[in-house]
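2 protein chains.
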Amino acid sequence: MADLFIYNSYTRQKEKFESLVPGHAGLYVCGPTVSGESHLGHARPYITFDILNRLLIHLGYKVRYVRNITDAGHFEEEGRAAQDKVAEKAKLEKLEPMELVHKYTSLFHKFMEQFNCLEPAIEPTATGHVIEQISMIEDIMAKGYAYEVNGSVYFDVKKYAAHYPYGKLSGRVLDDNLETTRELDGQDEKRNKADFALWKNAPPEHIMRWKSPWGEGFPGWHIECSAMSSKYLGETFDIHGGGMDLQFPHHESEIAQSTIAHGHQPVRYWMHNNMITINGKKMGKSYNNVIKLSELFSGSHPLLEQAYHPMTVRFYILQTHYRSTLDFSNEALQAAEKAYKRIWEAYETLQQFSVKTIPAANNAIPRAENCGTELDSKIQQLCHECADFICDDMATAKILANFFELVPVINSIRSGQAQGGAVQAETIALMQHTFKTYLEDIFGLRPMAAHNNNKLDGVLELLISIRADAKKKKDFATSDLIRNQLAATGIQLKDEKDGSVSYTID
Amino acid sequence: MADLFIYNSYTRQKEKFESLVPGHAGLYVCGPTVSGESHLGHARPYITFDILNRLLIHLGYKVRYVRNITDAGHFEEEGRAAQDKVAEKAKLEKLEPMELVHKYTSLFHKFMEQFNCLEPAIEPTATGHVIEQISMIEDIMAKGYAYEVNGSVYFDVKKYAAHYPYGKLSGRVLDDNLETTRELDGQDEKRNKADFALWKNAPPEHIMRWKSPWGEGFPGWHIECSAMSSKYLGETFDIHGGGMDLQFPHHESEIAQSTIAHGHQPVRYWMHNNMITINGKKMGKSYNNVIKLSELFSGSHPLLEQAYHPMTVRFYILQTHYRSTLDFSNEALQAAEKAYKRIWEAYETLQQFSVKTIPAANNAIPRAENCGTELDSKIQQLCHECADFICDDMATAKILANFFELVPVINSIRSGQAQGGAVQAETIALMQHTFKTYLEDIFGLRPMAAHNNNKLDGVLELLISIRADAKKKKDFATSDLIRNQLAATGIQLKDEKDGSVSYTID
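In order, the protein sequence lines correspond to chains H and X.
Numbering follows my numbering, in which position 250 of the first sequence is assigned residue number 250; successive positions increment by one, without gaps.
Numbering follows my numbering, in which position 209 of the second sequence is assigned residue number 209; successive positions increment by one, without gaps.
No wet-lab data here; the hints were simulated from the structure.
Among these hints, one or two may not hold up.
No copy labels: a pair is met if it fits in one copy or bridges any two.
[Said to hold, decoys possible] The list that follows gives simulated cross-link-like pairs (lysine-lysine, DSS-like), each with its CA atoms no further than 30 angstroms apart: (1) 341 <-> 471; (2) 292 <-> 497; (3) 472 <-> 14; (4) 231 <-> 211; (5) 89 <-> 282; (6) 168 <-> 282; (7) 158 <-> 494; (8) 338 <-> 110; (9) 497 <-> 436; (10) 341 <-> 282; (11) 103 <-> 231; (12) 494 <-> 14; (13) 143 <-> 158; (14) 62 <-> 497; (15) 494 <-> 436.
So that you can see chain H by itself, here it is in the shape it has in the complex (with noise of 0.2 angstroms):
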C-alpha cells in the first residue's frame, strides 16, 4: 500500500497516513443540516471527501464512511433565540418536520447522486441518535463539565480550557469565544458566553421534543457528531472531515465533549476544505449570491450565465487544492466545462487506441521500461507522477495539469504527428490505466450525460418557437400536436405569465 500523506489541521502539519486498525479507514463528514436545499457551498466538502474515500478504497483500505444527515439540533443563526433550524423551517412551509426532513434529504441524495459521489456506508440521523447523545451528556456531567439549569445542559468551556488546550484546532482563544459564539440564546442561564448547549429544553410550542433526565427537549448540534462517530467509528478514529467553517465551535466542540466523555482526543487526523466565493464574495444572504445546487444545474440563479452540470463543478473543484479558497465565476465555470470537455474526448480517443491492456485486476500503476525516445519517457513521466501527486495531500490539480499535458500528445498519436520520437505500446497502456484510475475511479468524473440533455434542450427550444409560430398563425392543430406529443414524451410544456414557454423534462 502506497504511502498517503495528508494535511492535519490539527497539527498544522502533513502527515503520513496510519491507519487505526491496518488495512481499515474509518471517516467521518459533517453531513448536511436537512433544513432546506443544499447550495454551491455544500458541493465543495462532499466532492472534496468523495475523492478522499474514493483514494483510500484505490489504495487498498476498507473504508467505512460515515456521513451524517443533521435533522434535528442545529440552531439558528447568532442573535436569534435558540431555535432548531428544522422545526423553524418546517413552520415556513407549513410541514411536520420529519415531511421537511424526508423533502430534503431526499434532494440531497439527488444532488450526490448526480455529482457522482459514492454513498457512504452509514449515514446516520441527529433524531435516530438521540438516546446515545443522552448518554454522552450524562457521562459529561458525571465527569464535572457540564451543568443544567432550567432543564437545559451546557459544556462549560470554561473548565475546560483551563485543563485542555481549547482552540487548538481553530486558532481561537477563549477570551475570543467570549464574544463571537454563536449560541446566544439563553445566556442567562449560561455560566460564561463561550459554554453551549448539549441539550436544550423545549417550550410547549416546539414540536420535535424528547424525553430526557431533564425533561423534554432537543440535542444541541455539536453532541450528534460526537456521539454517531464514537458509536459506528470508535472512541478513536482516523479521519474526520467537514469545510473550514466547521472548525469553529462545531469541531473544537466534538473535540472538547469527546475528551470529556472519553478521556482522549477522539480524531487521529482532522482534514477540512477550504472555503468558496462567487465572484471574489464571500457567500452569503445579504449579498444574494446564495446560489442552490437545483438553480446552478439549470442556470436559474440571476448570478448564472447558463446551467452547469454537475461534472463541470465537479471538475472545477478538483482543479484547485482543496486547501486553498475557490472562486466561483460564470468566466471560471465555462472555462472548466471547456476544459472537461476537452480532457474527456482526449480520453475516449485514448481508450480506442488498440494495445494490450493492462490487467484491470492489478490496481497497480505499471512501471514500465524506459523505451528510449524522448517522447515515451515524458509520457511515463507525467503518468508515474501522478501516484506521487495523490499521494501528497490529494493535489489533484497538479494531476489535471499533466493530464493537459498528455491532451495534445493523444491528439498527436491519433494523427499520426507525434512529436520526439516513437511511443511502445506499453506506454500508451500506461496512460490508458491512467486516465481510467485518476479520471474514474478517484476524481468521480464521468462523461456529461447532458451531451443529448443539451441537444434535447435545444430541439425543444426549436419546437417551443414552432408552436408559437403556430399558435400565432392560428394554426392550433400544429401547435397542439406539438404539446401533446412532447407530453407523450415525458416533457411538459408550460405557457407563463409573462409568455414565455417553460418545460419540465421527467
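Following the hints, position chain X against chain H.
Only chain X this time, still in chain H's reference frame:
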C-alpha cells in the same frame, strides 16, 4: 370530491371513505425490513398503496403518507431464538448493522424509483424512534397490560383478549394463537404463548442495543409501527395498509398496543393486498422461488425466461384487483408486457389526435353531451365508467379492460376506419384526458425506457413529421429552419431515397 369506497379489512365490508380531517388523508403503510434485498412479494403492497396515495391526491386530498423502514426489531421466524433480522444478517455479511441498513435502504429506494412509486412524505426508522417506543411500552405497563421478565417486556395478550376483541382483524381466535405465534423465543419467560415481546433484553454479544428502564435491549417489531404511526398521524388516523400476511400477528398486535395505550382503536380503515404466488406456488425459500427484484429486472433467476421491466411488473399487478391473489409466471408477465406496449402505443397515438384539449387545471373528467352516434356514446360510457371503477375499491383491472376496448377504437380512428359513426372532438378530448389521468396520474405508468435519449428520439420524430408537413405545404422557411437549427445543435437530418428521413447525432 368524489365518494371513494374502500374495503375495510377490519369490518370486512366496503365503506365510504371519510377522512378524519376534511380534505386531508393520513396513510400508514408497513415498509420493508432492510435486512436484505426486496423480492417480488414486496412489489405488490408498495405498488398497491402507491396507487391509493395517487388516487387520494387525484381526488383532492392533501395526503400525509408515512411508510416506515424496519431497521431493527424484526425477529427471525418461528422456532429460532430471538434474533434481530438486521443484526443477524449483518453478521453474515460482516457489516456493522447500520452499514447493512444503509445498503438495503438505498437499494429499496432505487427499486421504488424504478417502479415509479411516489415517495412517502415521511419515512421513519425503528432505530430513530426508540424513545417513542419505550414511552409507549411504559404506558402499556402502567395500564397493566405488559410485564417485565429478565429485562424483557411482554404484552399480556390473554388479559387483553379478556376485555377486547383480540383476533377480530385476522379472524384468529386466541386458542389458535397459543399454538401458532411466530415468536417462541424465551417461552419460559412469557406467561402465555400468545404474548409478544415489546422489548427484548440484549445478550452481551448483541450489537444493536439501547438503554431502557429495563436495561440494555432492543424493541420488538410490532411496537415500532404503533409508536411511529401515532407520532406522525395521530392516535387515530385514516388508513393503515399492508400485505395480508401482516394481519397476524403484526397488525393485530398494533391494534392491541394502541388500544391499551390510547384507549381506542388506532385505525379507521384497514386495507390489505392479497398475496402473490409464483407458478402457482407460495413463495418461499423451501421452493427456491424467492425472486429478488434485481433478478426480476435482469432476468437472472433460474425461473425467469427473460428480464422484466419494472413497468411490466407494475402493469401486471394492476391487471388484477389488489384483494385477489396474483400468480406470477413467465407466460403471464410476457402477456402483460405485450398488453402494456399495446395500450401505451394506443395512448401515444391518441395523444397525437389534434383537438382542443381540456384545461389541465380541472381535474374532473368533463361529461360531454351525447352526440348521438353509437361509437361516440360507447367511448363516452367507457371513459365515464373509469371514475366509478377507481372509486369502487380501486378496481384497476376493470379500467384496463375498458381501455382495451378503446384500443381498437383509437387505431380505427387513426386509420379513418372507425365503425359505428362519427366521434366528436370533445369525445376524443375526453378519451385523451381519461387515458392520461388513469395511466399516468393514478396508475403511475410511464414509457418503458424513460431515459432522455428516448425522449430525444421522440422529439426528433415529431420535428421530422412537422418538417415533412411544412414541405408538403411548400413552407420551406419552416422546413429549412428545422434542418439548419438541428444541424447547429449537432443533429444532421438526411433525406433517404425512399422518402423517409433519418438522422445522425454527433
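Note to self: I'd like to know which numbered hints this structure contradicts. Please list them from smallest to largest.
What the structure shows: Hint check: 1, 3, 7 and 12 fail, others pass.
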